Amino acid sequence: MAAVTPLLLLLLLSSAPSFSSGSRNAYNINGRVKIPQGLGLGTKGYALPGRMSNVKVLLNGGQNITFLRPDGYFSFHNIPAGTHLIEVSAIGYFFSPVRVDVSARNPGKVQAALTENRKGLSELVLEPLREEQYYEIREPFSIMSLLKSPMGLMVGFMLAVAFLMPKLVENMDPEEMRRAQEEMRSQGVPSLSSLLPGGAMN
Amino acid sequence: MAIRSFFLFILFFSSSLSPVFSLYEDQVGLMDWHQQYIGKVKQAVFSSQRAGRKRVVVSTEENVIASLDLRHGEIFWRHLLGADDVIDGIDIGLGKYVITLSSGGSILRSWNLPDGQMVWESSLQGPKHSKSFLLVPTNLKFDKDNVLVVFSNGRLHAISCIDGEVLWKKDFEAESFEVQQVILPPGSDLIHVVGFAALSQFEMYQINAKNGELLKHESAFFSSGFSGQVSLVSTETVVALDSTGSILLTISFQDGKISSQQTPISNLVEDSLGPAVIIPSSVSGIFAIKTDAVTIFIRVIGKGNLEVVEKTTHEIAVSDALSISEDQQAFALIQHASSEIHLTVKLAHDWDGNLLKESVKMDRQRGLVHKVFINNYIRTDRSYGFRVLIVMEDHSLLLLQQGEIVWSREDGLASIIDVTTSELPVERDGVSVAKVEHNLFEWLKGHMLKLKGTLMLASPEDMAAIQSMRLKSSEKSKMTRDHNGFRKLLIVLTRAGKLFALHTGDGRIVWSYLLRSLHKSEACQSPIGLNLYQWQVPHHHAMDENPSVLVVSRCGPSSDTSGVLSFVDTYTGKELSSLSLDHAVVQVIPLPYTDSTEQRLHLLIDADKHAHLYPKTSGALSIFKREFSNIYWYSVEDQNGIIKGHALKCKCTGEVADEFCFDTRDLWSVVFPSESEKTIATVTRKLNEVVHTQAKVVADQDVMYKYISRNLLFVATVAPKGSGEIGSVTPEESWLVAYLIDTVTGRILHRVTHHGSQGPVHAVFSENWVVYHYFNLRAHRYEMSVIEIYDQSRADNKDVWKLVLGKHNLTSPISLFSRPEVITKSQSYFFTHSLKAIAVTSTAKGITSKQLLLGTIGDQVLSLDKRFLDPRRTVNPTQLEKEEGIIPLTESLPIIPQSYVTHALRVEGLRGIITVPAKLESTTLVFAHGVDLFFTQLAPSRTYDSLTEDFSYALLLITIVALVAAIFVTWRLSERKELQEKWR
Chain A
1 MAAVTPLLLL
11 LLLSSAPSFS
21 SGSRNAYNIN
31 GRVKIPQGLG
41 LGTKGYALPG
51 RMSNVKVLLN
61 GGQNITFLRP
71 DGYFSFHNIP
81 AGTHLIEVSA
91 IGYFFSPVRV
101 DVSARNPGKV
111 QAALTENRKG
121 LSELVLEPLR
131 EEQYYEIREP
141 FSIMSLLKSP
151 MGLMVGFMLA
161 VAFLMPKLVE
171 NMDPEEMRRA
181 QEEMRSQGVP
191 SLSSLLPGGA
201 MN
Chain B
1 MAIRSFFLFI
11 LFFSSSLSPV
21 FSLYEDQVGL
31 MDWHQQYIGK
41 VKQAVFSSQR
51 AGRKRVVVST
61 EENVIASLDL
71 RHGEIFWRHL
81 LGADDVIDGI
91 DIGLGKYVIT
101 LSSGGSILRS
111 WNLPDGQMVW
121 ESSLQGPKHS
131 KSFLLVPTNL
141 KFDKDNVLVV
151 FSNGRLHAIS
161 CIDGEVLWKK
171 DFEAESFEVQ
181 QVILPPGSDL
191 IHVVGFAALS
201 QFEMYQINAK
211 NGELLKHESA
221 FFSSGFSGQV
231 SLVSTETVVA
241 LDSTGSILLT
251 ISFQDGKISS
261 QQTPISNLVE
271 DSLGPAVIIP
281 SSVSGIFAIK
291 TDAVTIFIRV
301 IGKGNLEVVE
311 KTTHEIAVSD
321 ALSISEDQQA
331 FALIQHASSE
341 IHLTVKLAHD
351 WDGNLLKESV
361 KMDRQRGLVH
371 KVFINNYIRT
381 DRSYGFRVLI
391 VMEDHSLLLL
401 QQGEIVWSRE
411 DGLASIIDVT
421 TSELPVERDG
431 VSVAKVEHNL
441 FEWLKGHMLK
451 LKGTLMLASP
461 EDMAAIQSMR
471 LKSSEKSKMT
481 RDHNGFRKLL
491 IVLTRAGKLF
501 ALHTGDGRIV
511 WSYLLRSLHK
521 SEACQSPIGL
531 NLYQWQVPHH
541 HAMDENPSVL
551 VVSRCGPSSD
561 TSGVLSFVDT
571 YTGKELSSLS
581 LDHAVVQVIP
591 LPYTDSTEQR
601 LHLLIDADKH
611 AHLYPKTSGA
621 LSIFKREFSN
631 IYWYSVEDQN
641 GIIKGHALKC
651 KCTGEVADEF
661 CFDTRDLWSV
671 VFPSESEKTI
681 ATVTRKLNEV
691 VHTQAKVVAD
701 QDVMYKYISR
711 NLLFVATVAP
721 KGSGEIGSVT
731 PEESWLVAYL
741 IDTVTGRILH
751 RVTHHGSQGP
761 VHAVFSENWV
771 VYHYFNLRAH
781 RYEMSVIEIY
791 DQSRADNKDV
801 WKLVLGKHNL
811 TSPISLFSRP
821 EVITKSQSYF
831 FTHSLKAIAV
841 TSTAKGITSK
851 QLLLGTIGDQ
861 VLSLDKRFLD
871 PRRTVNPTQL
881 EKEEGIIPLT
891 ESLPIIPQSY
901 VTHALRVEGL
911 RGIITVPAKL
921 ESTTLVFAHG
931 VDLFFTQLAP
941 SRTYDSLTED
951 FSYALLLITI
961 VALVAAIFVT
971 WRLSERKELQ
981 EKWR
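So the sequences go chain by chain: A and B.
First residue of the first sequence: 1, per the UniProt record's numbering; consecutive thereafter.
First residue of the second sequence: 1, per the UniProt record's numbering; consecutive thereafter.
Honestly, I wouldn't trust all of these hints.
Unchecked claim - Cβ pair distances, simulated, as ranges: (1) L168/A <-> F951/B: 31 to 41 Å; (2) I137/A <-> G403/B: 45 to 55 Å; (3) L579/B <-> I137/A: 48 to 58 Å; (4) Q639/B <-> K119/A: 39 to 49 Å; (5) N546/B <-> G72/A: 55 to 65 Å; (6) I895/B <-> K167/A: 52 to 62 Å; (7) I137/A <-> I895/B: 12 to 22 Å; (8) G72/A <-> G403/B: 46 to 56 Å; (9) G72/A <-> T380/B: 29 to 39 Å; (10) L168/A <-> R984/B: 19 to 29 Å; (11) L947/B <-> I137/A: 18 to 28 Å.
Hint data in this document are derived by calculation from the structure and do not stem from the laboratory.
On a predicted model such as this, the values are computed, not experimentally measured, just so you know.
All residues carry an ideal CB built from backbone N, CA and C; glycine is no exception.
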């Protein structure tokens, strides 16, 4: 990396008029796409979806398309002066489009700014704003999630009724209990056993 | 009705903000499929690497460069260049770099052969436009650097193969000089550049390859002039045709001296043939000329003596030369016989002897052989074996070896023109419904695996097994109609004039048919397919009939050439009939009527503005006459900036009585001022879109009525200056105007100007709203706007309870002459990406909420809930509005990675997105096509009407078992308790 730096300073933001003799006001835009390696390691073991060779750099909505060199540099040739838009397409990363002003008055000057957050760039180094995770992450198996599902709630409720209710009833005052039972009998509320076919036989 | 409205309410409230389309990684491929293509191959270079896997590098007409596995035809890597970056030449340098020359010879790139990483890129400029040539000499060195020789834009460059630096360059500025060939004989360091100047001057330049020094310049004058291309027959001889195409000129420039010989073609062949053209080939000593009917191979003997070696009337394709040893060159020749092709491999100097002669059975649906590429390999017995790569008329690519087709790729599918769908046949009695699980053990094992998967106990291998099991389930790829309407046929028309039927379940090709009517013929010189329409869609009670589609095509690129109609059965893939029309087809209007045999009525408008009715049956005519005064259409004249409305007038008043031809009249026209506005986009609603209800209930129990009309047209115009690319115009001199126009009355219902904005505009129209995407120059960002249009004439019917009970008044008078009382609401938002396509989901009944499908510049498809584009969004919505589901207003639209429909895939070269409703209301089928194809199912409001794929049946079973067990336990307990109580 250290060896690259001096070179980097030379290349960045240089937009020298190209050696074309035919068109006077055509410039080159040079820049670099940098994908920090550390970014991919935070989330669990996904392979980096976008390799460098599959990254595309697009000028003005696809008018020009170029690719990255192994060190991440790219260049557009013969671009007229004006305000342009550079977009980076890389699977797995979200890049902000970049507004690039190529000035005709003082050649060799390029101004760049991210359009998403209006941040100015002192040099045309494009870094992803964030990683894009295309898949939902399956939550690991847990008892809680099982219990929270409708089935789990049903079972839970049933168990509560079956085992906790008798406990509650037991804790009641025996006299009150008898009164309540008599009341129920008089109202003819069937008990659970009488509801079931076997229970009716008794 | 009332119940349905309630249903709608529930939908509104239940849908939450989280991304609706989201996928777990192990669900990839369950409902979606993705196919990768490359397009019609233009040039192929075989990698000669001895070690490693055999590859072939190809460039295609879709601007793809790809490295393919020679053994199976799979893609190792692939790059799609820009639309203007047309590939001129490819080659392999140093055995490990793929060199491509593109953009009219102005961009030279080098790619790493094993992984496709770009190594370097150089921009080559020159004084003027010219042909471009890329030469990769094997042993030309310059300071230990291998050198590439490129001629482009009137300049000769020598370029280092390692880093793309220009070593020297030499201009050919002579005004009229037109380069024809650049020759670099192997082993030599002299470059010969030959070409024509001033139509009748032959020029030869000899250049030192080491430093670009001009060594010699000779020219010779030919009074008869030249035509067409030249063919190189040796490193010092070229053959050209004179301007009449009847005399062959053999020009040799040995040792820098030009000498020539003229041979009339009639001397070689007795019967006169008419003007000929030279077919360029690189086989030394042999060239071919082609007239209308005959292809003639001619050998050059010595210094300009010509001899005919073969004359054939068959369609023929010749490969380039392949040097197999020091002084031997081989080439392949393919000839067509009825259902076979004959492949012969010959040595260049020995025409009569064949190195190889094979016949291969060839599917008729692939058409003729267009290109042949030859490669050799060494057999185990040290003799030479040959394999050839052939490109067919339908753009497919095949590898032939030892008389067999080793693999084939259907690359015609990379250039789809139009798509329609067809239902599959209904399951009949006697057809076995489902394959019975053949083995109980297998069945149990499968279910155990699935259970493990749901309980998250499965190991990675188990997960893979589950995945493959799910994919193999035959349910989704059956050839019959299903209850949910997920299984359909996608009928696609490709640029090669071939129809394919793809199964939506797994994307396989069910049938394919090369349209006979799209074959070149005398009447029809360069036929091109235009559109597909559903012609006959049998209704439920006419199950015996097969559905059919209508293919509309015309005989040439301009719109006034005559049209051709073909009718193709969608079950069998056979052409039922075809019609060569005696009129042009400018516009096709499918009418919403069918005749007694359920053929749909179509109105074809020709160049003279006559309307022709199809099918030409009396039944159709009587239906048409009944609806005569109800038929309106519009036309857009882009050049003049005029939109016109038309209606039918009367029968044609021509000399020939044709009762299916009608005169038309112009009803109205909207003329945009050409100095300030230029039309760039027009969009209407989809014809078959279903709208569930006109009423929209807003927060405070109010009802708004959507203005739903099939005759609404959205038009976007920009300032003429701003119609170019981004960056070519300042915000002050650019604007974009959006119109909503009623196409029956021509009335402009709404007009809005966006100052400082420009195109390209991508728009989609659905129900009562239109969403469009454009570029805002002031903010220098893309923007999306929504316009919703509401009917005010019924604004007093506001009581939601009346609506629910179906008692509101629907009968307000409608007249053409009264201005419709409409109000529009609109709002704009920033959006990050450029778009390539935009579509909206469509469902069977239109109840489900809508999602926009945005094809981004990165070739992904993003789904965006329509609620993000709701003009009623405010920064602080009230409690009521929040309950209704209104999202607080934000400056830009969110991009949620989980809502990419294409998840981690790219639909390379995306061109269009098509949505088709399934029978299940919640679900819509999405097909995105470009160079790649992608298909998936979407449920914009989740699958509220069926269980999802990941529904856990195991858990349901366990619950039931647990409940039953609990019932018995409690029963026992209660019994015991009762007994105890009785004893007490």
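Evaluated hints:
At roughly 35 Å, the beta carbons of L168/A and F951/B sit within the given window of 31 to 41 Å. For I137/A and G403/B, the hinted distance range of 45 to 55 Å is satisfied, since their beta carbons lie about 52 Å from each other. At roughly 57 Å, the beta carbons of L579/B and I137/A sit within the given window of 48 to 58 Å. Between Q639/B and K119/A the Cβ separation comes to about 43 Å, which falls inside the hinted range of 39 to 49 Å.
The hint said 55 to 65 Å for the Cβ distance between N546/B and G72/A, and at roughly 56 Å that hint holds. The hinted range of 52 to 62 Å is satisfied by I895/B and K167/A, whose Cβ atoms lie roughly 54 Å apart. Checked against the given bound of 12 to 22 Å, the beta carbons of I137/A and I895/B, roughly 19 Å apart, stay inside it. Distance hint check: the CB atoms of G72/A and G403/B are about 49 Å apart, consistent with the given range 46 to 56 Å.
In this structure, G72/A and T380/B break the distance hint of 29 to 39 Å, their C-beta atoms being roughly 46 Å apart. The given range of 19 to 29 Å is respected by L168/A and R984/B, whose C-beta atoms sit roughly 21 Å from each other. In this structure, L947/B and I137/A meet the distance hint of 18 to 28 Å, their C-beta atoms being roughly 22 Å apart.
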